Every structure is written in structure tokens, then in C-alpha cells.
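Student: Input sequences plus hints: build the corresponding full structure.
These protein sequence lines are chains A and B, in that order. The numbering used here puts the first residue of the first sequence at 677, with every later residue one more than the last. The numbering used here puts the first residue of the second sequence at 903, with every later residue one more than the last.
Derived from the structure by calculation, the hints contain no laboratory data. All values derive from a computational prediction rather than experimental measurement. Take the hints with a grain of salt, since some may be wrong.
Derived CB-CB ranges, DEER-like [to be verified]: (1) 768/A / 1104/B: 54 to 60 Å; (2) 1249/B / 758/A: 27 to 33 Å; (3) 948/A / 954/B: 32 to 38 Å; (4) 1251/B / 948/A: 44 to 50 Å; (5) 1249/B / 765/A: 46 to 52 Å; (6) 956/B / 782/A: 55 to 61 Å; (7) 916/B / 694/A: 34 to 40 Å; (8) 712/A / 1215/B: 36 to 42 Å.
Every residue gets a Cβ at the ideal spot worked out from N, C-alpha and C, and that includes glycine.
These are the residues of each chain, in order.
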Amino acid sequence: MSDIDIRLDQWLKTNTYHHSDFWDIQELVKAKEAAGLTISLCIPTLNEEATIGKEVIVFKSELMDRYPLIDELAVIDSGSTDRTLEIAASFGADTYLSSDILREHGDKPGKGENLWKAIYQLKGDIICYVDADIKNIHPRFASALVAPLIYRPKVEYVKAFYDRPLALSDELRPSGGGRVTEIMVRPLFSMFFPELTALMQPLSGEYAVRRSVLETLHFPIGYGVETSHVIDLYQDRGLDAFAQVDLDKRVHRNQSTVDLGKMSFGILQTFLNRIQANGMVSDLPDLHGQFRQFLAEGHRYELTRKEIVEEERPPMISLPEYLKKHGR
Amino acid sequence: MSGKRALIYREKLKSLREVLFANMVMAAELPAPTGKEDRLTDFLCHRFTEGGLDNISLDESGNAAGVMSGQSMQRNILVAAHTDKVWNETDDHTVSVDAGSMSGRGIADNSLGVAVLATLPLALELLGVSLKSNLILLGTTSSFGRGNLHGIRFFLDNTERAIDAALCVEGMQLGRLSFECLGMARGKITIEIPDGADPGMTGVIDVLSRVGAELVKIGEEAGDLSQLLVGSIEAVSGYNVPPVQGCLRFEIRSSDEARVSDLEKHIIDLVTRFDSPSALSAQVEMLAHRHPGGLDSSHRLVVEARSVLEVLGIGVRETPSISELAPLLGHQIPALTLGVTRGEHRHLQNESIELDPVFDGLAQIVAMIEFMDSNELSFDE
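Tutor: The following block contains the structure:
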């Protein structure tokens, strides 16, 4: 075994959990209160009326009313045209339009924008992000993610991962390593950041992070936000800042290969920018921002183009408004 | 008296909205086919533990039980909901929640009933209801089909506590009031073409169709007070292979037990006529029976239930039952079945329920528990 293998093996033993390790939520609440921590749960949304109601009900009832683990439950929306916000509010979530937060900084499209603005808007010492498209929602999607942050002060960033599917249907699938992770991100990490391969699902949309870390991170507003977080935090604080929790099965709408192509394009931009900025490669040419795909109909092929430019928001701690609001 | 309090309860119970709805979602998303309800009964036991109940247990039949000990502890009131669902383990049990409704497999039958059981300890605490009697909450197993109400039967045959009154909770429909049971016999007719016999172009399908047509005739001749229902016909093979085995499931219902027996004999005779050792095997297997009986419509429990429903502005639908209520009444226990909310598409994948009326349903249940607690009831009044 190489040194890296030994290191990864050790890290997996100490920093990888199963959600059942944290089944006792009452104990978790006690530990949270003893540590003097507050926790905000943020669900970023865009047209999620089919699933948002259930997520809000389950989290609010189980992790606020029954066990006071979460202090704040917020939905931050990118401008849904369906009833996402109405339904979320009707079941007791605080709802915000992303465009209404930090108006003077404008409004950019993308999930990363919502996550970034959540740092300003929400109050918790820990922010737990959970995607809104989970069909089999359960309290563990939040409680098990914040647990390592509560019990282990040196852990800063906790990622979710899920079981790997034995078979896939067209419509619904339990999430495994993820196609983009296995085909693109893991090979890239293996080449440039081998230690980060220990993260089973670096792109998962469920993670919990200390505010003290989140406020220092750059935020690509689109597909690259999770990749940039992982790389930036790793380079700053090393692998021991991370933990990961197996949440078993996650059921959600399957994304088309065409959509995953766009996602990969955005992530690759972020990745290349990172390794160039860090001096790991030099003299990269100017990267094109147009992603080209082909739609085939019989023997006719139609070219489609999409401009994908991974803009980045600066670390929140660099904003005077943030410093003032949060007394930093 | 209880009815008027039910109005106040309905408003107060709305503060448990998220708790009740979350219990509904979690109960609905746990698969619980008949005989494999363990995940759902475990969930119920956890809720009973969190609710501070005593004697929480899973019995040999898998029933989940917990007791809220009463002040005098001399009498026992049972509230039961069946935990099994008609769906397979591998079916998608995902629930969708809208502002006013919830939908998904089994949400009404009987995830909502289970959620009510899980929420009752908190509801009684919130309302400041303190009972003299012990309140036994029971999530029963093996209710449907071949299960033949095994869970509730096992409990009643083996419990050391004498049950003084009981309430069965079904998710829908709100306004349902069941206090008597129909006689019932449920059976399965199996048709098989033996090896070597010619299945023809349609295999057993032709025979099943003829048996079905004969059953329809028998049902038509049975009269208004009896029903003969054909619930399913199965004969699966493929596009181009005539099936050599198939079955038909039926149910006889009547308020007259002798009539149920007559119809059952009639069907056995019919099937015997189709049986021919060399060309066709036809067998009938009787899977379940219920005896008719129940409370008188002027029984105090029934009168009070009508009154509570009326005060809450709920239209009463008095319908006989063939479910958990049957063995309770068979044990001479004063008992009712009540529905919790309005719903539709029962036993379809888009089964759905309305959320707002759930608080009417929960309020009526609390009001009836209070009535049972404060009145000594006998079966024959």
C-alpha cells in the first residue's frame, strides 16, 4: 500500500459514518446545546412544488418541534414559477427569494447563488444544505449530517453519500457515486488531489458546514460550487476537515445524459480554474464558454449551444454588509 | 357533551399539524405488505416510546402495542389501526404533499390510521385529556386477504387485559360510522389444465370466464340483502402461450349468516361441476370468514358517535364493516370504526386524502375516547 492508500484507509476509518451512528437525536440535541451551537437548514429551490411540502413537514416536525435540533428552516428560491414558495410557507418554512437578498449585489442564476446568499440571510453557526428534489426524505438527511460537526469540533465540512444501485430504472434511481463523479470528477481528483478520492460523493447536494468555513469560501454560482468547496477547503485545511455520512438510499428524478454533460462542462471549468490558480498547471489556453451538444433525429443532427460560464461570488466575509449583520 | 368539546379540540389540534403530517408521510413511505409490517410497527413503537407509553411491545403476531396508563387503571380502552397495506414491498411508496392534500400508495388505507395512533399521545397531552382508564394503542398486522385479521384476533385471544370498549381507526372516509359487521366468506377458485391435456387457444381463460359468469348469476339471484363480489381474475402467461393455471377471488357478504353459508355451498357445487380429472382441475379454497353481528343502532356508543359527528358538521355514513371491528364485536366488546378524513382512489397508486378535515377526524376520535372513558358500556344495551 502506498502512503496515500494508508492515509485514505485511516481517514475512512475515522471520518466516515453511517447515519445509524447518530440515531439518538435526543443525545444530539443535548450535545448541540452543550456546545452552544445553532443550526440553520437551507433548502435551495427552483420549481420544486412536488417535493418541497414533504421536506418541510418532515424536517420541521421531527427536527424542530419534536427534537429542537434545527433552529431555522429556510427555503431560498431562484424564482420558481410554480407554487414552491406558497407550499413551503404553508408548512412553516421561512421563505426567501434569492433576488431579494443582498439586492445591491445583483441576482445571478444558479443554485450556488442561493447557497451563497443563505450565508448572509441565515443565522446558524452551522448551515446544512439539503436539495429539494429528494423523494424519500427522512430526518436523517439533516440530523446525520450535522452530527459530526456537533461531536467533533475539528470537523468543518460534512458530505452525504448514498448506497450504490444494483440496477437502474429509467425514472427513479437510488443515487450511487453519481455518473459525473465516477466518469469525470474521480479521475480528475485521482490525478491532482488523490486524497479527495476518499469522498464517496463530492458532488452531493446534501452537506453541512460551519459558518466560519462557509464565509471564507468562494462560491461558483452554477454547477461547480461543490467541487470548488472541496478543493478550496482541502487545500486550506487538509482532508481532516472533512467527514462523510452514509445516508443509505436517496431517490430522486434521474437526470438526462444531456443535462449531465452541461453539469460536467461547468464543473470542469471550475476545476481547471482552480488548478491553474494553484499553479498545478500553467499556460492553459483561454477556455471556451460555449458547450456544444448534438440532438439526433434519424440521420439529421442538430447542433445546440449553451453558454456556461462559472461566475464566482467572493467569500461572504469580504462583504461589509455581512460583517455588519453578523458582527464579524 | 363530548361533541361540544370536540369543536374546541378540533381548533387546538391544529397546532399538531406538522407532527401529524410528518407521521403520515413517514408511515406512508414505509412498505408494509401483509405479513411484513415490521418496519412500520417498529416506527410505531418508537413513537410510543417518545410519547411516554408503558408496556411497549411487539407481540408474536407482530402487533405493536403501547399503554397510556389511566388514573384508576381498572378499565381498558383499545384504539386499533391496521398497519398492513395492499402494496408490495418493491412498489414506489413515495408520498406527495400539496398545500391541501397528500397522495401516494396507502396514504389513506391505512397510513393515516397509523399516524393517528402515533400522534394520539401528544394530542391527549396537548388537550389536557387525562383518562381514568388505560388507553391501549394497537397497530395490528395481517389484516388484509389471507391475513384474515390475524393480528387483532391474536391480540384479543391472548391479551390479559379485558377490553371494555374499542375504536378502530381507518384513514377514510370521514363520517364513516361502523358498529355492525356483515357475515362474510372469502375464497379462491383455482383452475388448472393438467400436463398432457389440450389447453386449446385460450387455456384456462375461457373456463375462468364461464365460472365468473356463473358467479354473477348466483349473485343476482342472491337477493338485495346479500352480495357476491368477484375481486380478481388472474391467468398470466404471455402473448402467445395459453395459460394452464389461473384463479378467481370472490367474496360473499350478507347480514344473514345462513345465507352466506348457502351461497358458499352453491359456489362449491359450481366448482365441482367444472372439475374433471383428465381435462381440468377446479378447486375452491375458503380463505376467511366473518360472523355477522354488532351493536344496536340505539347503543349509547353509536348515539354518541352520531352526536359528535353532527356537532362537528360531518355527514354520517353508517356502513357495516368486515375489518378489525368484526373480531372485536365477536368478543362482545362495544366497538366502532371511524374514518379520519375525506379521500379518493382507495387502493390505487394515486390514493389521496384531504388534509384540513383530518382535524375533524382526530377531534371525533378524542371525543369518543373520552366518552368511553367516562361511561361503563356493555355490549347488549
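Student: Each of the hints needs a verdict: does it hold here or not?
Tutor: Verification of the supplied hints:
For the hinted restraint 54 to 60 Å between residue 768/A and residue 1104/B, the CB-CB distance of approximately 58 Å keeps it satisfied. Under the hint 27 to 33 Å, the C-beta atoms of residue 1249/B and residue 758/A, about 29 Å apart, fit the expected range. In this structure the supplied range 32 to 38 Å is violated for residue 948/A paired with residue 954/B, their Cβ-Cβ distance being about 58 Å. Separated by about 46 Å at the C-beta atoms, residue 1251/B and residue 948/A satisfy the suggested range of 44 to 50 Å.
Taking the beta carbon of each, residue 1249/B and residue 765/A are about 33 Å apart, not inside 46 to 52 Å as hinted. For residue 956/B and residue 782/A, the Cβ-Cβ distance of about 60 Å falls inside the hinted range of 55 to 61 Å, so the restraint holds. Distance hint for residue 916/B and residue 694/A: a CB-CB separation of about 37 Å, consistent with the stated range 34 to 40 Å. For the pair residue 712/A and residue 1215/B, the supplied restraint of 36 to 42 Å is violated, since their beta-carbon distance comes to about 50 Å.
Consistency with the previously given hints fails for numbers 3, 5 and 8, ordered from lowest to highest.
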